[in-house]
Structure formats: C-alpha cells, structure tokens
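First to last, the protein sequences are chains A, B, C and D. So for the first sequence, the working numbering puts the first residue at 2; every next one is plus one. So for the second sequence, the working numbering puts the first residue at 2; every next one is plus one. So for the third sequence, the working numbering puts the first residue at 2; every next one is plus one. So for the fourth sequence, the working numbering puts the first residue at 2; every next one is plus one.
Simulated from the structure, these hints should not be mistaken for lab results. All C-beta atoms, glycine included, are put in the ideal place defined by N, C-alpha and C. Careful, some of the hints might be misleading.
[Stated by the list, open to error] Derived coverage of chain D by chain C (criterion: at least 3 residues anywhere in the stretch with Cβ under 8 Å from a Cβ of chain C; other residues may be distant):
hint, region
1, 20-26
2, 105-117
3, 145-155
4, 194-204
5, 208-220
6, 248-257
[Stated by the list, open to error] Quick list of in silico lysine-lysine cross-link-like pairs, DSBU-like style, CA-CA up to 35 Å:
hint, chain 1, residue 1, chain 2, residue 2
7, B, Lys49, A, Lys235
8, C, Lys82, B, Lys22
9, A, Lys82, A, Lys135
10, A, Lys82, B, Lys82
11, C, Lys339, D, Lys157
12, D, Lys339, D, Lys82
13, B, Lys49, C, Lys82
14, D, Lys82, C, Lys135
15, A, Lys235, B, Lys339
16, C, Lys82, D, Lys339
17, D, Lys135, C, Lys235
18, A, Lys82, B, Lys216
19, B, Lys22, A, Lys82
20, D, Lys157, D, Lys235
21, A, Lys22, C, Lys22
4 protein chains.
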Amino acid sequence: MSFQNPVFIPGPTNIPEALRKACDMPTIDHRSPLFGQILHPVREGVRKVLMSDSAEVFIFPSTGTGGWETALTNTLSPGDKVLAARNGMFSHRWIDMCQRHGLDVQIVETPWGAGIPADRYEEILTADTAHEIKAVLATHNETATGVRSDIGAIRKALDAADHPALLFVDGVSSIGSMEFRFDDWGVDIAVTGSQKGFMLPAGLAIVGFSARAMKATETATLPRTFFDVHDMSKGYAANAYPYTPAVGLMNGLNEACRMLLDEGLDNVFARHHRIAEGVRAAVRAWGMELCATDPSVYSDTVSAIRTPEGFNATEIVTHAAETYGVAFGVGLGEVAGKVFRIGHLGSLTDVMTLSGLATAEMCMADLGLDIQLGSGVAAAQDYYRSHRAARKREAA
Amino acid sequence: MSFQNPVFIPGPTNIPEALRKACDMPTIDHRSPLFGQILHPVREGVRKVLMSDSAEVFIFPSTGTGGWETALTNTLSPGDKVLAARNGMFSHRWIDMCQRHGLDVQIVETPWGAGIPADRYEEILTADTAHEIKAVLATHNETATGVRSDIGAIRKALDAADHPALLFVDGVSSIGSMEFRFDDWGVDIAVTGSQKGFMLPAGLAIVGFSARAMKATETATLPRTFFDVHDMSKGYAANAYPYTPAVGLMNGLNEACRMLLDEGLDNVFARHHRIAEGVRAAVRAWGMELCATDPSVYSDTVSAIRTPEGFNATEIVTHAAETYGVAFGVGLGEVAGKVFRIGHLGSLTDVMTLSGLATAEMCMADLGLDIQLGSGVAAAQDYYRSHRAARKREAA
Amino acid sequence: MSFQNPVFIPGPTNIPEALRKACDMPTIDHRSPLFGQILHPVREGVRKVLMSDSAEVFIFPSTGTGGWETALTNTLSPGDKVLAARNGMFSHRWIDMCQRHGLDVQIVETPWGAGIPADRYEEILTADTAHEIKAVLATHNETATGVRSDIGAIRKALDAADHPALLFVDGVSSIGSMEFRFDDWGVDIAVTGSQKGFMLPAGLAIVGFSARAMKATETATLPRTFFDVHDMSKGYAANAYPYTPAVGLMNGLNEACRMLLDEGLDNVFARHHRIAEGVRAAVRAWGMELCATDPSVYSDTVSAIRTPEGFNATEIVTHAAETYGVAFGVGLGEVAGKVFRIGHLGSLTDVMTLSGLATAEMCMADLGLDIQLGSGVAAAQDYYRSHRAARKREAA
Amino acid sequence: MSFQNPVFIPGPTNIPEALRKACDMPTIDHRSPLFGQILHPVREGVRKVLMSDSAEVFIFPSTGTGGWETALTNTLSPGDKVLAARNGMFSHRWIDMCQRHGLDVQIVETPWGAGIPADRYEEILTADTAHEIKAVLATHNETATGVRSDIGAIRKALDAADHPALLFVDGVSSIGSMEFRFDDWGVDIAVTGSQKGFMLPAGLAIVGFSARAMKATETATLPRTFFDVHDMSKGYAANAYPYTPAVGLMNGLNEACRMLLDEGLDNVFARHHRIAEGVRAAVRAWGMELCATDPSVYSDTVSAIRTPEGFNATEIVTHAAETYGVAFGVGLGEVAGKVFRIGHLGSLTDVMTLSGLATAEMCMADLGLDIQLGSGVAAAQDYYRSHRAARKREAA
C-alpha cells in the first residue's frame, strides 16, 4: 500500500495529520480523571457540531450502523411502527435493521436519486390520527446516490400533522460537512460516525438524543446492552464508561471538533460546497449526469455520476485502483454498475480534488468513454479560481 | 498527560511501538482488495492464537462486551436457558446482559476469589436431562479478582453429563496471554477484545465460533444487526464488510498476531507467568494476600491484592495516579475498596514491573500501611534474576 | 500548516508513510549492538544504491552541503587546485566553499541551462601536464536549472587526458532518482543527502569514497573534525560513532534503501523519467520552455520552467503557496524571477503530479499568463495513460 | 528492538510523546513563510532556555560536536591560543578538535572526577598579560565523569584577571536540565545539542553567541562553510537557511522549549535535582562511590559510579543490555572499566528511575558484587517519597 494518493471514497476520508496524531495515543487509565478530560469536552464538542444546546451525546466504540441500532433499541419496542423512505442503499439498510428488530416499517419507496418526499411523510403522518407511528426515519444524505434530503421540511411535515413521532436522522455522511441543525430542525436522534465529517478512522458511533428521545428510553423494551444509553450515561459524572472506551479515537474526535469549530461550521459547509461545485462542474463538462435528480438535492459530500447505458461504471473504480492507485466509490444496490461515486468530504482541498478528477478522466478514456482529457479538470479549475478558498496562515 | 510511566491496569496494556505504528494508518478503500490483504490474514492469525484449526473468526468494531452480545444474540432465542457462574464483576455483567436479552440464567453463585466450580456445573448439567440449557458461560479469567478458571474441566463436565449445550468462554483477559485452547477444550464461542493480550487500543470485539455455534445461528431469534455474524461473513469472499471496518486496528491486530506467533504462544504464556510470579513474590514479601484463594486459580495477567481490614484499597490507586502518575486498578463490585489490582499482561517487562512494585510500595507507605520499602521489589528481583527472560536479539 | 497537498519542491520530497515511521523511533543506546544493526546495513544499502561494490560509505548528521565539505576537507590541502564548472546555483556554492577553504578553483563558466562541457574539462586536464589539478568537481544534476550533466563523459575526459585527479560528484538531487554509477563512472567521491532520492527528512550527509579518495585522506591537511572520515570509520567495527548519530534518520535511510532496491534501481529511474516526461509534456502544451537547453540534459527530478519576458516567475510560487497551499520552487541566482521549478522526484505519483500541474495552470491564469486551463494536464494525462506505471499489488 | 524499557544513558534521553510527534512532520517548503513560523520562535525559545536576553542563536543540522566546531571556526584563527581544562572524555575531545584546527591549547590537566579549577584559570589568565589567550573553554558538565563545573566562578576568574578572552561553554549535557545562565555568567558561546535537555533525537547543534563572539567572527580566519554563522544568519529575515534545514527536529525543538518554559526553568532544574538525589541515595545505600569527588560537583544529569577494584564496570552495562534490555552508559577514556554511568536527564520520572536502579542492582548481583537487592531502590524510594514531585494535572 503506497498511501500516496488521496482517497475519493465517500468516507472514510483522508485523515488530517493532527487527527492521525491525536488518535495515536499511548494507553491511559480509562477509569481515571485523565479520561474525563477527554470524555467531557468531546461530548460538548459534538453537541456544538450538531448545533444543539442540549442534546445528550453518546459515543460508542462502533460505527454509524451501531448508531442506528442505538437509536432504535433505546427508544422503541417490538412491533412499534416507524415511517421511513427508501431512496438508496443506506436508507434501505436502516429499514432492514428495523425489520430485523421486529419493528413495523411503513416504507415510502422513493426513486434512487430523489430526496425524501416530505409531503408524502406529511400525508401519512396526518392520516395516522392514532399516533401509531412512533418514529420517523430520515437519511439526511444518501451516500449511495449523493442525495441530500431536507430535514427541516420533514420537521415541518411532523409539525403540520401535529404528530408526536420522534424524528431520527442518519447524518452519517452530512454531519460536520453539510448544514445540520439538531435543535432548529427538532431532531430527536442524530446518528453519525467518526470517519466522515469528523475525518477520523472508523470506530465510533456518535449519537445525539433530544430530551424527548431520552424520555422514550424509559419505556422502550427492545433488548440492548452494548448500545444502552443509560449504561453509558450512568458513569459520566465519575468519568466512567460501561466498558473500555476507544480512548485514542475519542481524543481524535475532541481534536476534530476543535478543528471544525475553530474553522467555523459555516466555513466548513462553504468549503464542502465549493469543493463539490468544482466536481459538479467537471461532471457537466464531461457531458455526464449525476444520479441526484435535481440541484436542490445535490450532496456536498459525495457525487454519484451516471455512466452511459451499457457501460459498467464499476470498471472505472476497479481500473482507477489498479492502474492509478486511486480509490473511488462503486454504485451500490439499484445503481450498482450504473454510477461511480466521487467522495468529496472531510479533509480535501481543491488541489487534491483536481487530481481525482484528472484520474477519473484518464480512467474513462482508458475504458473507451468519449471524454476529452482535461475538460473536467478545466471546468473545476475555472470554478475554483473564481471561487477562492478562504486560506488560513496557520502556525505549526 | 505525560505518558512517561507504564500503566499497570489489567488492560488496556502498554502498546508496543510496532503496534502503535501498525494502527496509525492512512485511509484505504475498505471495499478494495487492499482491505482483503488485512482481513484474511487477521482472521487466520486470530484463529492460530485461539489454538484452533477451524474456528470462524469475526472481528467487530466494538469491545469485549460487544463480543458477549455477539455470542448471545447470534445463537440464542428469548427465553433460552443458560448456565453461568458469578465469581466477579465481569461474570456478573455477562449474566446481567443475558437477563436483559430475555435469557433465563441459572446462576452458580461462587465466592469472589474462587474459580468456576466445574463439579457444580456437572451436577446441574447432569440433572438437566431435558437439555433445556442451551449454553454454558464461563469467564476464563475474572479480571476483577485475578482468578483463572479451568475451562478444560468445564468441558469435561459437559462431556461427563453428555450435555449438548454450547460452551461460551469469555477470554477477554486471558487470550493471547495465558493458555487458551479453543479446539482442545471444545470451546464453542470465545470472546476477547483488542486491548488485552493483543496489546492494542480498545475498539475491536474478537470472537471465534465453532461449527456447532455457527449451526446455532440458523435458529437463533434474538434480534441482531450490528453484531450479526452472517452479515459479517457474507462479504468475506469479496473482501467486504457490512459497514466501515476499523481498518487501522485490524492492521494492528494482524501485526499483533504475527508478534505473538513469532514469539511462540508457549513462550508468550511463559513470559506472562514469569512476570506474574515476580508480582506474587512481592505480594508475599509485603505480607499481603491475593484475592485469588488458591495458587491453582492465580491469574497470570492480573493480581488483585487484599489490603488490611479498615483500609480503603482504592486510596492506593488514587494516590498512585495523583502522586506518582502510575495507574493501577481499583477493586470492583463486592471487592471494591478491599483490593487493588496490578495488571501484568501484554507488553510488560520485568524491569517495568519492578517500577510498578516500587510505586505500590511508596503508595502503601505514604498511606500508612506497614510496608518495608524495597521489600517487594527485592523479592521480585530475586525471582526475575533466577528465572531469566528469554531475550531475542532482534533487528530493527 | 495543513499538510494536505503534496509538495513540488525539488527536495525535500514527499515522505512515504513507511519512512515517516522508520524515522520516528524511540531512543536506543547508540553505543550498543542495536545501533550496529542499523549502521552496517545502511552503509551496505547506500553502497548498492550508488551502484558500487567497494565505496566506503559515511553518513553524517548534516546535509549535502556538509557532504561537500567532507569531500573537500578530507582529501585536499590548502592551495590545492580543483577544476569545476559553474552552471547553476549549486555548482556556484560548491565553488564558493572551495574558495573559502583556500582551494584554487579553475572555473569553467557555463551557461545556466547547459550541462558541464566535458570537452572543455578534457582540454584543461590535458593541458595540466604537471597534474596540479587534484580534483575535478561535477554537479550531476543542477537543481537550480533542472540540468543533468554527463558524468560518464567527464570520466572519459579524465581518462583521455590520462589525468590522476579525483572525481567528486554532487549527486544530491540525482542519486536514488536518476542513473548514477559510482563504479562504472570511476567516481571518487559521491555526495548526497537524505531528503531527495532517499525521500527522508533532511539531516544526513551521505558520501561514498573510492579507494583512491580514501588514500588521499592520508595526506590532506585541510582542518576537519566533525566531518573527518577517519574518526567516523574508526569505530565502525565496534558499532561506534564519533558522536551521537541521528539514529532515527539512519533507520529511515536503511528502510529507504530497502524500498529502492526492492523496486529495482532501473525501475526507480524509469519511474522518475515517466513522471518527468509528463511534466515536460505539460510545459510544451503551455507553449513554454525549460531552462535546460536540450533534451540530452533534461533532469528527471526537477524542471525549471522559463516564464515570458517581463513576468516575475517567483510570483507563481508565492501565489501557489498563498492561494492554493502548494509549494513549487523559485528560481535562484541568475535565473531568479525567470524560472519557477517543479520538483518531481522521490515519492510522487502521476496522480499527484497532475494536481501540481493543474495548480500551476491556475496560478499562471490567475496571474494573467496566457494559459489554457487543463491544457498541460491533458498533455500529461495523455502521456501517463499511454505510458502506464508499473504497479505493485503490495501487502500492507 | 523492543523499546519497552526506558534508557538510562546520559543522552539521548527518553523522548516525550509530544516531541516524537512534533518531530514527525510531513515535508514543508523550507523556503516559505511556513518555515519562518518555526525558525523564529525556536531561536527565541532557545534564547530563553539559555537565560539570555540577547544571545544570537544558531541551529545547525549537526550535533554538539558540530557546535564545538562552530564555536572555534567562527571566532578563532590558526595559531590562536586557547585555555582549556581536561577533566574527562568530552573536554578531551574538544581540546583535540582545537589542536586539529591548529589552535594552541594551554591545557589544565585536572583529575577525572574533579571540576574545572577556576583558581588555576585565574592564575593563567592573570599571567597572560599580553592577552594571547583568545578563548577560554569550559565543559559545564563532564558527561564522562558526572562532574559539573562552576561556570560562574570561571567568569569571575576572567573578570579578576581583567582578561578579554571569550568564554566558550560546552553545555551539551547541562542546558535545559541544570542551571545555565548565559547572560549572568557572561558566556560568549554556549554549545548544546538536541538530544539531552531538549529531549529530542540527536541531529541539531544548538549554539548561542554573545555580541562579543559575533564581533570575533569578523576577523576569524579558520576555514568554515557548513558551520558559518554569517551564512546562517544572512537569510533569517527572509525565513531562509543556507541549505536544507532539519525542519521536523526544529519543530520539535520549538515544542521542547515551550515545554521547558511552561514548566518553568527553575522547576526543570529542581526536577532534575530530585531525580539525581534519589540515584545518589541509592549509590550510597549500595556502599559505592561516585566518580565525582565532591557534592559540590555532583551532576544532576548523569552519575558515574565507581565499581570495586578489579571489577570491570563495563560488564554491568553489557549485562544490563543483554539480560534486562536496559541501557546504561559505560566508562570512557581514563575511567573506562572503572565506572558505569546512569543518565538521569530529560524525560524521566522517579518511577522510571526506580526501575533503572532495580535493574542495576540485579546486574551487580548477577555479576557477583556484594549488593543487597532492593537496598538502593529503598533509599531512592525514601528520598522520592519525602521529596514529592510537583505534579501537574494536565489536559491531553
């Protein structure tokens, strides 16, 4: 493994030096006050990144998938009804998890490439006068299709229906990269992982619970131990953890929050938007289309790019890895073979992005697609030049 | 945090340089063949450390507690009966997890300090002619009391009773440090974590399943997704993982297995025994007693040391941290305040151990215990001198 | 400092992960056999990279400049005559050093952009029938101008003149990247540093001495202590060093040699040539010219690119750093303001190179040069596509 | 190499985590303002550690030996007379360097174990009415014998003799560990390296020049280029360096200065004194003697311990390395075989020190010396207990 080129998968991202070093930590006693010096600031830091004043933050040695399970098992009981849209592989998997845990999922089938239809949610919630739906699930950013849904609109749908269901949001590939407003959007549970917007290695499930979500934990009967939020919070005052925490990763998360907050969340979002726009300019220059059907749902963290009919998009990914040592993302599920994905989140500059675009061009040309070398690069260069990055002159 | 002194907690251990570096890895595409170059060898390496020819090894981004949950939820159904002894905090917690997942636990209450009574297991299993007991749980090394139980004897109990129950062993603080024979002992599920014998940071649940355990997964109905071993194994052939793996830790685990196997497992066990004997010589020289009631159950990875009546043993741990920057383990549960623990597993030399013993002496003297400075150190020195370590002259 | 983008300075290069880790070493006793396990292999490794069977290799905690001083002070005496060509900033500095140490330098003034005129050397040497010239200096690769001189031709000039002068070659920016044949070319002293072809941080002067050069040390009277090769070699048999060695860097150098030799020196040279050709294709596509006057002297490690009259080339470098966070090299000395330099040596892929070219294009466009965005990138892509890199599928 | 045990050589010291990480840096452009962000603070930081308001600080990619050469070659001319005492291997070597550079050294032979006789210096300087002596050399801490000389007294001798000679002090194993007052003592050149009080890997020569020393550079004619302080200072305003700097080490040095100054130099000195006193208590308990003849010259960074007549002290060092993996220092020169040395400088705690003492005891017992195991440890424990370390409760 040469590790020379950046990765362009939609997470894990390239890891900043400072985070590599923050994670790479000698052993400390996780039952000592030293651990508290990591635990408490990291919970506070994540809360701020969630743009929340009061969310209870829990950090498990796990992944976003474990975060989903945390959300479900701590708040729901077997047979509970939940509402969810399926518009990509990750929403599909979360629905699958619900079903395997005995929940009754009302699925809103949605085209892969479209966002969650908030109006459809509103109709269903309005019709549910008995309030049987206990939770509404929403995948903020469908990593499989590069589609961002409007969580604020879903909150409005709930409010319009005057429905008490909890709102669970999968923000795995959005939090820390794209606007995410826990409090403003009335999110009850937000789920993410360490390896996307936080730019760390995988290994942490990061969840935020609203007061209403915490209330729901009191009656939820789905079995849980590893992911039990009460076990987790019980020892906080004593700097304790129900089992051995992933101390280095949590230290890294602390540093990641500091980096994001120092930069300013608005700047972080603007930075991601700028990088993404350059990628999208390249896609247009190639004469290709995104899987995302409409600019209003374009994701600023990942672009899924449709290749021509009859062409297997996965070949681009394989070829890029084998021939140029560059990692892109394959299409998953319904769009397998139809799209390839360029991840553009986390620690990534315009300059790095240009190398990814140049590689994609070489691959497409190598594989016989009608691509003019340098065309996408030029379009992105043009965008980046005319939309300069805010650069800090930092000290070491 | 100065990180200067070694830690003497019973895990996480001090981390060898080579493992620090193996874990600290740039991002690779975990959906590429590169990941397969880590995944497959690590499963094979763990299998060998388990001393098994055929165990199916699964590695989750989690901890030993997640490993317990993996064992239970993949093989059992609500209401299933399991047999377990409670002789310390960790066996207690596993039992608690069983109960929270709706299992019916027949508990063999055992003095904290004693090992699992295999004869009692045999009686119960023999009496269970209907074979209602689906699984027998055994904590190989009770980290809370420094007590090692005889797993081979439990296998014999099962065989003597001709009972088909599965044998689940918590080897969290034994595997990779003390003799553990998956195949010879007929273990069905072995559970451990990355942060003990494997000398890595916490963050991996490592489990081995026998063919019988795999068979049981087909009918088990406890809900599971994150810890589902089928989801995990499904993608192995394609180097795939059901979610984002903790690649760096797995790379570290690969290297850890290599280190242990290069040293030779028998040498690893002998090394731990030697270090432990020095600690026990010191304890005797201090005129103190172990929590472990009998040499036959002495743990080679952790010693829980009883302090005199009326003395709060936890003060030693607090004082060592505050005054000398050294981490020992407190007593937990029933023995809280009655013992302090010296972890002596993983990456630890005789020389490092002597510094821990010297620190314990200073602490005990500082706190008014009647301890002769240097006495325990001298006893350990004497032991270490007359039982020389096998030293390799290694290249860089 | 974000460290996200690769650097494109002509050394230090980007540092491979494996070398970062090899250098980052805890303290060992440098007076112990452990140090010998680094010292001896590294001397052997460097010898092989020099393509020599018998060169005496010395490694000082210093830089290439210290290597020059080592060459001069160990073999020459005040007033000794040496022959040197000045065709760039680095040959200029070496000449300056000679003069400051009281040597009498016969300077062959050579256009910056041209290689060393071997025929002129031959004339001078032939005329020097008294053999007053004790040493002939040659800068193999002028880092300031991107010009490679023909050392084999200089050896032929010496032979044709039947002149006994020693041949000292500055291979700082060539060794480990471009063909360098210590034995075949009859080099007497080769000088390099750790931060170029060896891809390490700066901090080591690396020199190879022929038997004739060693012989010359016996009579040389220039004062020297730190750079004395006898002090250095005296302790080798006992793994000793005349002062504290830079152990981590030497360990890194060991690993660097292993990497280069594993890849195969011919493959290393071909890799550098391929990368360089892509850069040169871009320069042509931009309608610009190299400082190097002729393809026969093109350097495969650095390209100095002439900008149009009236344009300050240094602005490109400043702008790239400030606006895009990318480091190129400025022009030095005679060509200051007239050229900017793209370093393309060491740890660098085609993909990384494309990002450098794309950045250069943006900078030139930003600064008003008539550059078509993407044009150089396209030319390089075209070259790289049709001249595929040899890729290893490596294990972790 | 297992790297598990601390080293007890008198430098390089154990390296703190924070410094390991500060040194391990990706490549930056050393001709850019980024480098200035390291260069300027580090010169200021070193100046403060030297306790000087105005010393010119120079940092070379070299070692303390290079620092000696910097001092001599920049200020003196061939044939110049210098005064120096020889009381150990390092003062011997510096004298040797003077002689090799054509200086005329008036040597005050001094017993190895004694400090520099300031009164003898005063006599000689007073007698030198012609002021032929251009520089007075003083090794502040003789690392070979563990002897600290009184630099303030030497300054008084110069003043008493009203002699204008420059005062050059080798503070390699004292600066950053023991009181060193550049301004108060009227030091003209102070020399040290990165690997002692600064706790970094070897690789930097660090020197401070007074205004008088700078003045002397104007007329000095000893040849120099690599170590020329004018070349070095010339580019400072432009963040430039005469060749490629060791950026990572300089970044580490910056951090080291910050650590030392944050702790407070007086606290740093007190910490070293406390650790040293524990070692000396152990030596007394063993019934042995230091090479240093008198408490007034005891070094707080290294203790050279005399072993009984007829016993080869070097065996202790060899045995410790081979049997226990611990590094002590051998005796050098006149005291080779007569002493072994325990380095106790830099990053070292009381707890770590106890492990070194315990190891020394085991070695001495193994080799047949009449040592009571635990005796030295107990004496040191007693001292450390009753002289508690100031402990910071630091954040990560």
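Need the list of violated hint numbers for this structure, in ascending order. Hints 2, 3, 5, 7, 8, 11, 13, 16 and 19 contradicted; others consistent.
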